[in-house]
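Number of protein chains: 6
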Amino acid sequence: MATLGFVEYKDASPEVKAVYDDIMTTRKIDWINNFWKALANDPATLKRTWQDIKQIMGPGTLDPLTKELIYVAVSVSNQCGYCIASHTASAKIKGMTDDMFKELMAVVGMANETNRLSAGYQVEIDEQFRK
Amino acid sequence: MATLGFVEYKDASPEVKAVYDDIMTTRKIDWINNFWKALANDPATLKRTWQDIKQIMGPGTLDPLTKELIYVAVSVSNQCGYCIASHTASAKIKGMTDDMFKELMAVVGMANETNRLSAGYQVEIDEQFRK
Amino acid sequence: MATLGFVEYKDASPEVKAVYDDIMTTRKIDWINNFWKALANDPATLKRTWQDIKQIMGPGTLDPLTKELIYVAVSVSNQCGYCIASHTASAKIKGMTDDMFKELMAVVGMANETNRLSAGYQVEIDEQFRK
Amino acid sequence: MATLGFVEYKDASPEVKAVYDDIMTTRKIDWINNFWKALANDPATLKRTWQDIKQIMGPGTLDPLTKELIYVAVSVSNQCGYCIASHTASAKIKGMTDDMFKELMAVVGMANETNRLSAGYQVEIDEQFRK
Amino acid sequence: MATLGFVEYKDASPEVKAVYDDIMTTRKIDWINNFWKALANDPATLKRTWQDIKQIMGPGTLDPLTKELIYVAVSVSNQCGYCIASHTASAKIKGMTDDMFKELMAVVGMANETNRLSAGYQVEIDEQFRK
Amino acid sequence: MATLGFVEYKDASPEVKAVYDDIMTTRKIDWINNFWKALANDPATLKRTWQDIKQIMGPGTLDPLTKELIYVAVSVSNQCGYCIASHTASAKIKGMTDDMFKELMAVVGMANETNRLSAGYQVEIDEQFRK
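Residue numbers (this note's numbering), protein chains in the order written: chain A, 1 to 131; chain B, 1 to 131; chain C, 1 to 131; chain D, 1 to 131; chain E, 1 to 131; chain F, 1 to 131.
Where hints are given, some of them may not hold.
Copies of the same chain look alike in the list, so a pair counts if it works inside one copy or between any two.
Claimed, not checked - List time: in silico DSSO-like cross-link candidates among lysine-lysine, alpha-carbon distance up to 30 Å:
no.	residue 1	residue 2
1	K47	K28
2	K28	K92
3	K17	K92
4	K92	K54
5	K54	K10
6	K10	K47
7	K94	K10
8	K94	K28
9	K47	K17
10	K28	K10
The set of hints was computed from the structure by calculation and includes no laboratory data.
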């Protein structure tokens, strides 16, 4: 039901097809998930978002799995159903084990709890943290 | 100005002192940050929260630095000023380099962006992610 | 499955019917969407919310379409599924084209990204913005 | 530094003064806090917001203190610094003891934690809760 | 479809069964809801979360119903579908009437509104609230 | 106190200076605000973010002022202090009058309220909105 519908590969413009091809090549998969097929209604946003994701989520000082865990953590905090489903799947492909997932959830839960405790108790930032 | 003020070490009950000592021993530091001194007004919550944090943030399948990066990611998403300051400092102590921080921020920013794109385009979860 | 069920027009009290009639007249439609039928379980909240919406979303210095775009932007940021669906539909009725929708989404995504970058980098407010 | 500045009592229009007077009378206080003095730049919003607050926060099936605790809970979840400060103060005036505050914070923290655990584990709603 | 599936009572380890039994005894019910069956994939988190919830949500200075209302308020602010459904059901069991629910929703809605008005108008915290 | 400090123009690399120059030229201003000076610690993110912002916030089907209002709306919903201050200032420069600001705030507040009412009442999406 996506707002503007999905752009399927066979119906895509050459510009969109090029992005789809790059996604499949980069990820070594043979299908495109709904997020990109929805974004493809706006080729400029599709292209920009994919290029940003490709650059940001690739290997760096942090490895791709760690980055994907962070992506899941943010998506869970934000209650984004689609993102939780898709990035949890991506994380598994990149090597997240069940034990890693459980620890990830424990940290995300705890962070959300103490974020509110510190706000609720109106805790001032320590001088030691202000540099 | 914390809501209930801070409980300083010298004024703490033996129960609170025991937690303070454990925090300093575990973290190899000689001071207690404001978060714990605010929570100490409620010794049960202080003790529970510290024990949970200690268990969850310790070594596991994920290493302590990765967990701390996840903590920062959540705190940034939630706009929790105190938590951003304190966990960024903790992450540095645990080995986060400036380059890691920059990559972390890039991922957090991107995740927050695509979380809204997927919600706004009302993207349905792919069958492939539903198992 | 709404928590308290829906109040259908034929079962509504005169007080609720009057609000329903005003909604349909104001919006030039012949049906009531689920949000109002759920709120109608609490006639005081129904009446207050409708009056507020009617006043706030009507023509002013900002035109009704701009206001509706802002409503969608907030709903997307908040991951409110019902609100995204209903206000996107309203925006279309008020004249939002597909191109406007795409630009709206791009801005909302970008704002959510930079909101976290500025928080994560702990950026202080410039003197120039403090007046 | 509020965006539009504050409207002080002595400079207020009769319409704004009437709201200020009603706030002070209702709350049995002799000053107006900054929130209202900022809103007063928009008399229509000032009046509407005050009337809504007055109606909603007054005695009902839930007593005023319980309502104020709920207000604090929401403000803490949302990381709204001003609202946490002002509604914590209001709650104390309405009878919130330190012990109540501590329990309130514990519940808010826990709810924020389990909200993420249930989202992260992608827990489906039980049939038993769907009626 | 929960990420790691559900752990049913008959398949549970003795450690998990003990938690399930305690949940059913404490709540005087004869079934376990999906949240716990998902968490049971991580027995340490299951046990810790249940013990925390049991301690925090039990009778204290605030009665169990008030705590449950606060839990619902947070869950609604966070747009957590599962938590809204489950804690609304729990609140009803603990005595929440329809009228209480309606007032709860009105307060939660209003708090979310004024949280943004105070942030948007950049209202400074009054000196009177800073102690 | 920004986490990595600020990169001032005189100390910037040619790559960063080029972005700073483009920001000042595009915006017809002679200074760089703290957000960019913090991001400049990560030239890749600085460049990408500026290029994205420049493209997205420029004239399109939606005019630049409308886009800026949407940016403010998101920032207010997210309680991002820096973003509220900087984008409110930008909006004024682009033509936002005080009356527009007041209407903007009213819409943002109302949207945040009804987002929670619809979630709290567990309102199902109408068939009419599902196409």
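Looking back at the numbered hints, which does the structure fail to meet, lowest number first?
none
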